Each structure stands twice: as structure tokens, then as C-alpha cells.
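Visitor: Following the hints, complete the assembly by docking chains Y, S, Z, C and P onto the known chain A.
There are 6 protein chains.
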Amino acid sequence: MKILVVNGNTSDEVTAVLRAEAEASASNGTEIVVVKGRFGAHVIGSRSENAIAQHAVLDAVARQGAGMDAILIAVSLDTALDAVREAAEVPVVGMTEASLLTACMLGDRLGLVSFDRRLAPVYEALVVSYGLRDRLAGIEIVEMAPAVAAVARDACETSLLRAAQVLVERDRVEVVVAVGAVAAGMGRSLKDALPVPIVDGVACGILQAELLVRLGARKPTVGSYALPLVRNPVDLGDALSGFLCRKRPADIS
Amino acid sequence: MKILVVNGNTSDEVTAVLRAEAEASASNGTEIVVVKGRFGAHVIGSRSENAIAQHAVLDAVARQGAGMDAILIAVSLDTALDAVREAAEVPVVGMTEASLLTACMLGDRLGLVSFDRRLAPVYEALVVSYGLRDRLAGIEIVEMAPAVAAVARDACETSLLRAAQVLVERDRVEVVVAVGAVAAGMGRSLKDALPVPIVDGVACGILQAELLVRLGARKPTVGSYALPLVRNPVDLGDALSGFLCRKRPADIS
Amino acid sequence: MKILVVNGNTSDEVTAVLRAEAEASASNGTEIVVVKGRFGAHVIGSRSENAIAQHAVLDAVARQGAGMDAILIAVSLDTALDAVREAAEVPVVGMTEASLLTACMLGDRLGLVSFDRRLAPVYEALVVSYGLRDRLAGIEIVEMAPAVAAVARDACETSLLRAAQVLVERDRVEVVVAVGAVAAGMGRSLKDALPVPIVDGVACGILQAELLVRLGARKPTVGSYALPLVRNPVDLGDALSGFLCRKRPADIS
Amino acid sequence: MKILVVNGNTSDEVTAVLRAEAEASASNGTEIVVVKGRFGAHVIGSRSENAIAQHAVLDAVARQGAGMDAILIAVSLDTALDAVREAAEVPVVGMTEASLLTACMLGDRLGLVSFDRRLAPVYEALVVSYGLRDRLAGIEIVEMAPAVAAVARDACETSLLRAAQVLVERDRVEVVVAVGAVAAGMGRSLKDALPVPIVDGVACGILQAELLVRLGARKPTVGSYALPLVRNPVDLGDALSGFLCRKRPADIS
Amino acid sequence: MKILVVNGNTSDEVTAVLRAEAEASASNGTEIVVVKGRFGAHVIGSRSENAIAQHAVLDAVARQGAGMDAILIAVSLDTALDAVREAAEVPVVGMTEASLLTACMLGDRLGLVSFDRRLAPVYEALVVSYGLRDRLAGIEIVEMAPAVAAVARDACETSLLRAAQVLVERDRVEVVVAVGAVAAGMGRSLKDALPVPIVDGVACGILQAELLVRLGARKPTVGSYALPLVRNPVDLGDALSGFLCRKRPADIS
Amino acid sequence: MKILVVNGNTSDEVTAVLRAEAEASASNGTEIVVVKGRFGAHVIGSRSENAIAQHAVLDAVARQGAGMDAILIAVSLDTALDAVREAAEVPVVGMTEASLLTACMLGDRLGLVSFDRRLAPVYEALVVSYGLRDRLAGIEIVEMAPAVAAVARDACETSLLRAAQVLVERDRVEVVVAVGAVAAGMGRSLKDALPVPIVDGVACGILQAELLVRLGARKPTVGSYALPLVRNPVDLGDALSGFLCRKRPADIS
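Residue numbers (numbering that gives the first Met the number 0), protein chains in the order written: chain A, 0 to 252; chain Y, 0 to 252; chain S, 0 to 252; chain Z, 0 to 252; chain C, 0 to 252; chain P, 0 to 252.
Just chain A, same shape as in the assembly:
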């Protein structure tokens, strides 16, 4: 099976990290294709950059989505997850969504570690939007700019570990969810250093995407995730326009 991993950033470094971790997480026989944004922020670190990335993610899917069996939105804010889930005909998973839902099967009280203080309320809003507010027992912030964190993996792991320990001690957290591309692979590398399970987004995201392909649930034809009828959008470029206005299967209301 082929999974498209969408990096909503324009950064080649992050793309490389995501590719490596996605390939390390995938099952035998799963092919990973990574695409990055054509425009927007180097690394998304604000609400504004995330708003722009909503467009960029959809555009990336339009350019590279053909022939894929599933799509993983590999931005910690699960940027445009709902839009891609609507517009694509294959299963779509968000990195943070996947790690939160997977964590739910490993313990009751979830704790989040984020690498950016200013995005913390945005992550909280994300958890609420998934209906999982009551599972969230705590948030702890590693004060390290994502750009810095991306290049200093050791310091990053040490900080993440310390934050996770705070969550376990202070908030009695039973599973730690490390969010962000920065945390890619740390579920694996920090596994034995913490007394509770720790998961990250790429591993959970790839595995949940594979699972949805195996499950084979249908694309809805009604409701807010049915294919929309888009007509004559203005100035979106050929790829995105063509994707949104493509010929669709019959009888979709």
C-alpha cells in the first residue's frame, strides 16, 4: 500500500525527518511518499502560518494524492485534516489525532508535551475538537523553539523526558503524547526512559493509516465528509482546481 505523508511546512529538513520516521514505522509492503507545502512557513509556529498551511496541505494532496491508499497529515496541528478527509476518497489521518486515539488504549489519563508555548492553547483546542477534553490530564511545554529543537535532538529528548516526568508526577498522567514533527521517533527512543508509555505522531499516524486501509470502510456519500460539489474556483492553480472539480462517482448528493 502507498501512504502519502503531507508535510504542511516548506522545510526540507522536516520533510526528511518525517520521511525517515514514517519509513521506520511502516509495515513491510507499505510505500511512503512524502510531499511538502509549495508555499507558506518554513516551520509552522503560529495561527497565521497554520491558516495558510490549510491551503498548502490541500494543494499538496491535489498534486501528489493520486494513486495513494491513505494520507497522513504530518503537521502537529493536524492542519486541514477535515478538509482532506472530505476531499479525498481514501482514509485520512492526522498525526496528533492518531497519537491521541492510540494513547486512549494505553491508559486513562493522557498528558501532552508540546515544543512551543504559544501553540499550547491551539493544541488544547484540538483535543477539545476531537471530543477528548476529559481524557487530557495535563499539558507540559518544552521551552525550545521548534526550529532549534529540530537540529538538537539530544537536548530535545532530554527536555521532552523531563516534561514527561513532570506530567507523570504532578498530573498522574498514564500515557504521554509527544506532539510535533520534532518528536518524531521519540516514542521509540524514549520508550524505556519513562515509567509510562509514550507515543508520537508519525508512528501512530502511519499505523492508523495502514489500519484504515485494511479496514476498508467506505467513503461517505452524505454528510459533511462526502465529496463536495466544487464549481469554478478562482485562481487555485491547475492541480488543486482539477482535484476539487474532478469527475466523481455517480449519485453523490
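Please keep in mind that the hints were generated in silico from the structure rather than gathered at the bench. Some hints could be false.
Any copy, or any two copies together, can satisfy a pair, since identical chains are not distinguished.
In silico DMTMM-like pairs for lysine to aspartate or glutamate, Cα to Cα no more than 20 Å straight-line [said to hold, decoys possible]:
hint: 1; residue 1: Lys190; residue 2: Glu30
hint: 2; residue 1: Lys1; residue 2: Glu12
hint: 3; residue 1: Lys190; residue 2: Glu88
hint: 4; residue 1: Lys218; residue 2: Asp191
hint: 5; residue 1: Lys218; residue 2: Asp170
hint: 6; residue 1: Lys190; residue 2: Asp68
hint: 7; residue 1: Lys1; residue 2: Glu142
hint: 8; residue 1: Lys1; residue 2: Glu30
hint: 9; residue 1: Lys218; residue 2: Glu168
hint: 10; residue 1: Lys1; residue 2: Glu168
hint: 11; residue 1: Lys190; residue 2: Glu22
hint: 12; residue 1: Lys190; residue 2: Asp153
hint: 13; residue 1: Lys246; residue 2: Glu168
hint: 14; residue 1: Lys218; residue 2: Glu88
hint: 15; residue 1: Lys246; residue 2: Asp153
hint: 16; residue 1: Lys246; residue 2: Glu156
hint: 17; residue 1: Lys246; residue 2: Glu142
hint: 18; residue 1: Lys1; residue 2: Glu22
hint: 19; residue 1: Lys190; residue 2: Asp11
These figures come from a predicted structure and were not determined experimentally.
Guide: Below, chains Y, S, Z, C and P without anything else, positioned relative to chain A:
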């Protein structure tokens, strides 16, 4: 004072409707400037089009926001509200946000009327994201495509009225919130036809924007709504790039 | 327009503070009329005094409400807000309600500063009753008796500022809501001292009352905020009896 | 033991109903004293009348509370429950509070029957204020004015029964809570007519009040239910003034 | 009246503690019968032991329930409460359920003290399952193994008191709920040592069980608490098999 | 990998259905081992039978769990899920838990179809206990005894389909979760008959169990899911006693 009304659509008709209603709602001395999206959907009717509009709204603000005292996001989904609130230095209000908060002062049990069945869950998610889920007593959907509704005002009013009456009868709704550009002005025109108050987004949005200007609260310099530090975004065009990377007041962390 | 500001206390000092701040907050052309309670506590500081004030507030509205365009309940506990909203034909706003709803447009995570530890759970109950529990990120209490606070404005501002800073640091609060008549005007005076917006009840209350007058939504004729049919109440005095049993517009069920 | 039953109304008929049912519900050795409001509505049917009754209930307790072992607020809106709980030194229970909490031990999904459509949202707010929103599976309204209901007991029982059956069928309710003085005794009289338990306020209220006396928990000396320090209230009459300002045990902060 | 107190443990010491406290709490004329588990843990301290105790509690009720007027599940986790409530024809109360509901009438903000850190999330889940999450203001854990606590009453009281004080100071708790058989009687013994009410499970449980007997609500014949139709269970022993498959009153669907 | 599928019932027919569907759902290389309860109900249809099954499920795991890589609790009530998750060292998944979490990635509004009216509130409690109450848009009950349903697959599919359609129409459900062993395989067989995705427990459960094995998160050594220290349980039989008291890895507190 000058208020920028941002139509996230690319439709001139909707722009005209918004302009007329915004001017009718504004106080003496308030100047209304309307801007529409440079790219994207004619009328937003899906999650995909809304994702693209996040970018388009921010782009529109970048092009026309200079010199404004406040900004009204005039899309029923309050598209990119949080991003513009972050990126601008003046107060920013969402049309649906404003009508919901205003309605809270007119009764306890709110009811929503939407003109699009497939967006209903997106409106519900919006209400939840504002923390107002417990105020929402019901949703009723007028089965009329927004594009159709935009040109058939009488039929539209009749349908809206009927839906509102269902909310009052069935769900004991005490205030009706009519969402969408289609509903612009209907708070006024249907005022006497219903036994409970009815509000719409443009009127509430303009008035709340004016209120925030009068109140004069400061722009935050910390937290998720402080001005972000955006560097070297890729391919966003001069206006948006310039806006996001503009020289900012000192000491903003 | 004329706005009646109802001080639920019997204190002349608080009345003067409220009058000054209401006048400072009002738009040109808005006339402020202030009325205080005829009986009850000097300054409401307990549930018992608040229970009595429910009656006193309604009585004050009955005595002075004629000819008003809107009413502001200027007690931090929004005493009898629902009752006056029911009994009056003009818009009615609570001071704390107004500041909470206004704050919702300035940031996601609200923090409350109260000047009385024993009323803290009552404020929390108020926030819950408005359906805004999920917006409340923290409460911080200034340990200063309201009566003391009322006369020592400088000490009061310093304490409020410190409490607000705790909310910003500890709870990542994005907007501070300062409750109580004591805080009147502090949204303005502390504006530049905090890194996030701060609002208080009188300013928000007056502005939201003006907004509702401009909006012109109708008085409901059904539901729990329709005019009630009150008959032969015992021993309420002429003003209140007359107000509650006044001749009403036709066909109100 | 002596229990004071407070009728927040000024109606002698309701007082008589409450007395009869309270005496029927009380254990051997429990003496029932009933007091009614000195001023206010004949029968509370609106938010305004309830606001006034807050004062009247406290006043009644001040007049008759001496020497009592517990107090039952016998108004369906549990009027001034929190104020009396604060001001008195003995246990205080609300009629509707008691029936809701008791119902929680008889089934999971509670259903409310109210005799007044316009008070339905007020009852819902009451349930929310007790933190029991998630237990409430449905509300059904008997369209019968309380005043009428009070004199036509048979019709009243028939209507209540029908409403309760709707709750069982439609909302899968497992315990019915009949609210209001009108429903006094109907827990007993309708017991065998419904397939699920039905409880009413007076019986539950008297029994829970007796229970709290037997339990003997202490009056708090800190927090929002400690005795407040009330000084020089204006024009409350001797009884209420004396009660609020009475000499209190030492060391109450 | 006769109340069956079910110790879900197999410990004679805990049985003796429960018996003593139940007898001390019961009214004149109430006879206490105590039964303990036939199999399972000495003292339940984990989810596994609690799962086994579900069976053991039901088995104990089958063996000793005949002729009882009410049943108190005297395990802090309210083990099998819902199952016994379904299977028995008399009122059934859980120890922790009873103390939580009783506490609701003594203050708004409840605080829990538990004697076992690893069970803390299970208690939280219990509170949530009762729909009382919004009443819970804090949890504090006494780090003392239940087995140790059972024999060192003085140390236990001292620790409980300290934990309760933390709840009052830090979380502004207004009523303390001490959970666990270990806490039996401490509502009484610590009454004067704390500035807020403190309740424990046995006293509240016995009193609420007596109350339900006095109230006399009916056994439901529909819904999830009606007597189930159990046929030919495998290998449950004569007592439990006989109890579950006993001849039942007519017309139970 | 080897997955143990635990049928909490004692029914051979249900065991066979579960085995067939588990094998049909498993990936290549996954071996399915099915175990059924040694005692208890033929088919769990009540709270009492479920209480007994808690013990039976743990007992079954003790007998057959050795050498397994993951465990699937294949009872619709996820019986003893938390206990097995605590007691086992490998990942443990509940059938209904897995289908709910998987459904969260297929749409926003979930709808439940249950084959037993009396268990409906128990399923709702389960959804609440997973913190997913806000995702649940509706429940629809197929009035068909589980025992009957088990043998009449066609009638069962027809009824399930009709119930699912009601959820889509009435509650705007976007994903249908069919609960119960009866529904095993219906996610597959009804896939094309509904306009929205439908999932069932066995398929989702097996796939999520495989996913957790691949993910390789660690067993916690602290918190409520760490291995408990069980000593000298009474009369549990050799298998369960041995399992609970087995020699464990060092330093587990």
C-alpha cells in the same frame, strides 16, 4: 472609525450583500470597507473550500487591513478568525462568533438556523470551539443551497422563519441565531414575525467590532494571540509576506 | 439613549464609583442614570446579602426603570439579571456577563480576578451558569475586603495586577476579567501594565447595553423571558407591585 | 427533631399541602413547622417572583428558624437554598435538590416533569448548577398552570403520569423526578402506576433533612458557606437584621 | 429494618471495622448484617481484584440477601453496585456514591481523599460515572497502603487530616469525602478538626439506605435496572444461580 | 503474532462467530486464539451477568494468556478491559473501545446501534467512561434479543441497516458503530448498503490490537495500569491465582 469586512468568498454578489448590510448596521461615523478573497470558492460550501479560504482571508487582510480600526470576518464559518486575531493589531470579530455571544444576552437557550445541511456539523464544531456547547438547544437546517438562497430572498426568509419556529416549539429555543451571509439583514426583517429574538451575523459583527474599538483593550504581547515572528515564508506574494513579516513594536516575545 | 445602572448595594460610595465609570465608558449621547438598593447590604459580600439584593435590584428597576432604553445590573454577581431580563421590556445586561462575553472576543483562555475569597465559588457558578466553564482557565483571588478595596485604589490596582500576572504565568490566561465594582475602571488604568488584555464589568456592561439598544432585538413573547403574568403580589410596595402587574401589550401568553 | 419547612410563596393553600405531605413523610419523632413568605407571589411562576422570594425565604427563616434542627426549602426552584445554607447553622436542603440526589440512587437516567412550561429552562439551569446535567435524560412539561394544578389533584395526577410515561418511552428515563409543590405526595400516589420509580420533592426533602441531622456534619467556618459577617444592613426589619447580624461563635473568619 | 452490608473483600478485619461503624451509624431499630466475599482479594487494591470482586459481591448478596430491606455495597469502589441494584428487589446503595451525594448537600466544591495512589484514577472514573465530575474540586492521596492504614488508625487520621487541609487550602474544597473502608468512622472522629464538613462512606451509606427504605420507591419493571431474565448460567454455584434465576413477580418484560 | 480473543460468554456459538470474524479480520501472519468463559451467562444480557463476566474474563486470560502478543476483549461491554489491561503485560483492547476510536477517524458524529434495549444505558455509560460523550450523536436500538439475533443473521442485518439509516437521517450521524458480537462482520457485509461508514467491534478490535503490537509501547510501571501486587487471594483456582501472583520484573512499585 473604519471597519474592514472580509468576505472569504470570491463572489461579488455576496460582497454586495455584506456591504449593504454592514452599512445598514454601522453607527454614524463608521466607515465600512469590504474586501473579498483573491482566490478560492465562489461561495464556501465545504470543508475544502473553507480550508483554502483560511489563506484567502489572511491574504485579504494583508492587502486591505492597513489603517483599519477593526476587522469583521464575514464568513459564516468565521474562517481564519483566530489567525487574523493573531496577525492583526486591531480587534477582530467573527460574524457567527459575534451573533452567538450577542444572543447569550437575549436568552438562555440558543438555536441555530443554517442554510446548508452539509455544513451543520461544522457549525456545531464552531459552537463547541467557542465553549458554548451548553447554550446550544437546537439546530435546524433550511434545505436550500446557499447559491440559490442568495438570489431568492423571499423564499429564504419564509424558510428561515419556519425553521426558527420549529426551534421555538420543539427545542424551547429562546433566541434564534441565523448563520450565513444569506441571513444578513434577516435579524431585522424577521424581527416581528417570531415570538423570540432573532439575530444575524453582520449586524452583530459590526456592532461588536465597534464595541471593541470603543473599549480599547490592548493587543497581547504574550500567548497565542501575540504577533508571531514569521520569517521568510515561501511564495505568499508581496502583500501577505509583507504583512506577516512587517516591522513590529519592540519587545514582543 | 438612557441606560439605568443598578447598584444592588445600598452604598453611596459604590454608587458614585459606578456612576463615574459608567459615564466614562458611555458613548456620546448616552445618558447614565444610577439607582441603588433601597434595602440590604452596604456592600454585598455573601450569599445571604445577594439573596436579599435580588429583591432590591428588582425593586430599584421598578422605581427607576421607566423611560430607560437599557438596564445594566452593576453588581459583580449579576444579581437578579434573569429576573430583570424577564420583567423589563428593554435589553438587560449583567456586568460580569458582559465582561465575560466581551473577553471571549479577545482571547481563548479567560482568567478571573476576584476581590473576595468567599465569593470565588459563586463566581465560578456564575461562569458555569453562562455555559462558559470551558473558557475559564483560572481564578485568582485578591485577599482584600471589598470595603477596604473600595477606598484604597492604588493598593487595589497593585494587587489586581499581581493576581493577573499569576494568571498569565501559571494558567496561560489570554484575557483577564476583573470582577466587582471595585475593579471599575481598572480595565482602562491597567491596560498597559499587563501583557494581555484586561477588561472590567462597567465598561463592558455599558458598551454591551448600548450595543443591544442599537441592535434592536425584540422582547420575547414566549418562553422564560416573556413578560410574566403576576397577580396580586403581597406587600411589595406600590412601585414594585405596579411594575410587575402593569398593563401589558396584547397577546402575551 | 424539628424541621422548618419554608414555603417561599404567600399562599395558605400551598402551605397546607406542604404541611400535610411533610408530616406524612416525616419519621416518628420529627416535628414539622411550616412557615410561608411574608411578601411576594401567591404562587411563584416566574423569574421575577423567584427573585423576590429569595428575600422572602431568608426572612422567613429569620423569623422561624430558631430552635430548628434542619430546614427544608419547599419551593420547586430551591429558592435561596445557598443563602440559607450559608446563614443557618443547621443543615439545609432544597426540595428539588433532594429529589434529584435521591433519584440518583434509583437509576441512571433521570427525567423531570414540570408543571410550568415557562419555568422549564429555569429547572434545567438548576440541574446544571447542581452539576447533574449528565444525569438528566429528558424533561417533560405538563401544560397546567400551577394555580390550577393545585386544586385539581386528579387531573394533575393523570397529566403527570402521562408525562412520565413519555419520558420512559421516548427518553429511556429510569427515574422520574416530579418537581413542584403541586407534585407533593405524588411519588407515593403514583408509585404503582409507572414502571419506574417516581419521587417528589417534599418526601425526599424531609428524609434528606432528617438524614443530615442524624449524620451531624459540622457547619463550615471557612469558604462560601461559613457564616458571613454582615454589618448594618439597611431596612430589613428586626427579624432578618437580627438573624444576619447575630452574635456568632468565636473564630469564624 | 435489616440492612445487608457487603464487604467485597475476604478480610475479617475489614468486616469487623465495617460492622462496628455500620452499627454506630444505624438508627434505632435497624439491624445490620455483614457479609464478606467468599473468594478474591484480602483487601481490594487493584483493578484486577475489583473485577473479581464484582462476582464476589453478587455472590455474597445471593447468599445473604434474603429478607433484607436494603443493601449497602461497602467497598470504596462501589463494586458491582449497578449489578446488585439490578438483581435485587430492595434499595441498593454504594458507600462512595452515598458519601458523594450526601456531600452535595453540604457544600458546592467536593474534595476526595483516597488512601491509595494507584486507585485514584479509578475513583475519578467513579465520580465521572455518577455524573458528578463538575462537583469535584480536587483529589488528595494519602500515601499509605490500605493494609497498613487498617491497623494504624491514629497515623491514618493524622494523614487524612493533613490531606483534607490541603484540599481546603489549595482547591478551596467545601466538603471532604474520605473514601475507603479505612476511613470508616473518620467523618465522626475528625469532625471538629477540620474547618469544613467531612463525610465517610459507611455512615452516609447506612443513612441513605435507611432513607430509601423509608421512601419506598418501587423496583423498576423496565429499563436497565429491571430484574433480568437469566437462564441456565454455567457453574455459578447454587446460591448465585438460584438467586439470579429465581421465580419473579409477573409481567416483568 | 498471536492475539487472544476473549469471549466473556460461555456460548460456543458466539465463540465460533468471534473466531470466524477475527480470522477474517486479521492480517497475514496473525494467529487467533479464542477462549470463552468458564462460568457465567450463555450470552451476557444484563448488568448482573456482566459483573460475573468480569471475573470470568480475567480467569480466561489467566488460563490462555501465556505467550500471547495482545488480547482482545470480545464482549460488547468491554468487560474487565481495565482489569486485563492492568494485569497483562501485552496490549489489551476492547471491542467497543476499538470501534469507537476507529470511528473517530472516519467522521465527527458517531451513532451507536445496539441489539438490546436494556443495555443501551450501559453502552452510553461506556462511551462516557471513554471520554467520548461529545462524539456520540445518537443511539438506536434494534429490538431483537441477542440470542435470537445470533441465529437469524439476515433479519439481523436488515434491522441493523434500518436502525443505521435512522441515525443518519434523524441525528445526522457520520459513522455508525454496530456494537455486540451479533454485529461481528456487519461492518463488511453492510458496507455498501449505507451512505456512511459502518464499523463493528471484532474487525476494529483485531486491527487495533495488531497496531498496538507493532507500535510496541511499554507496559507502565507506575499508575493504575502497572502490574499490581496481589497476595494470597482466596479461592480463585490455580490458574487465576498463579497469574495474579506470578513473579514479576524487578522494581515495579
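Visitor: Which hints from the list above does the structure break, by number from lowest to highest?
Guide: 1, 2, 7, 10, 13, 15, 16, 17, 19
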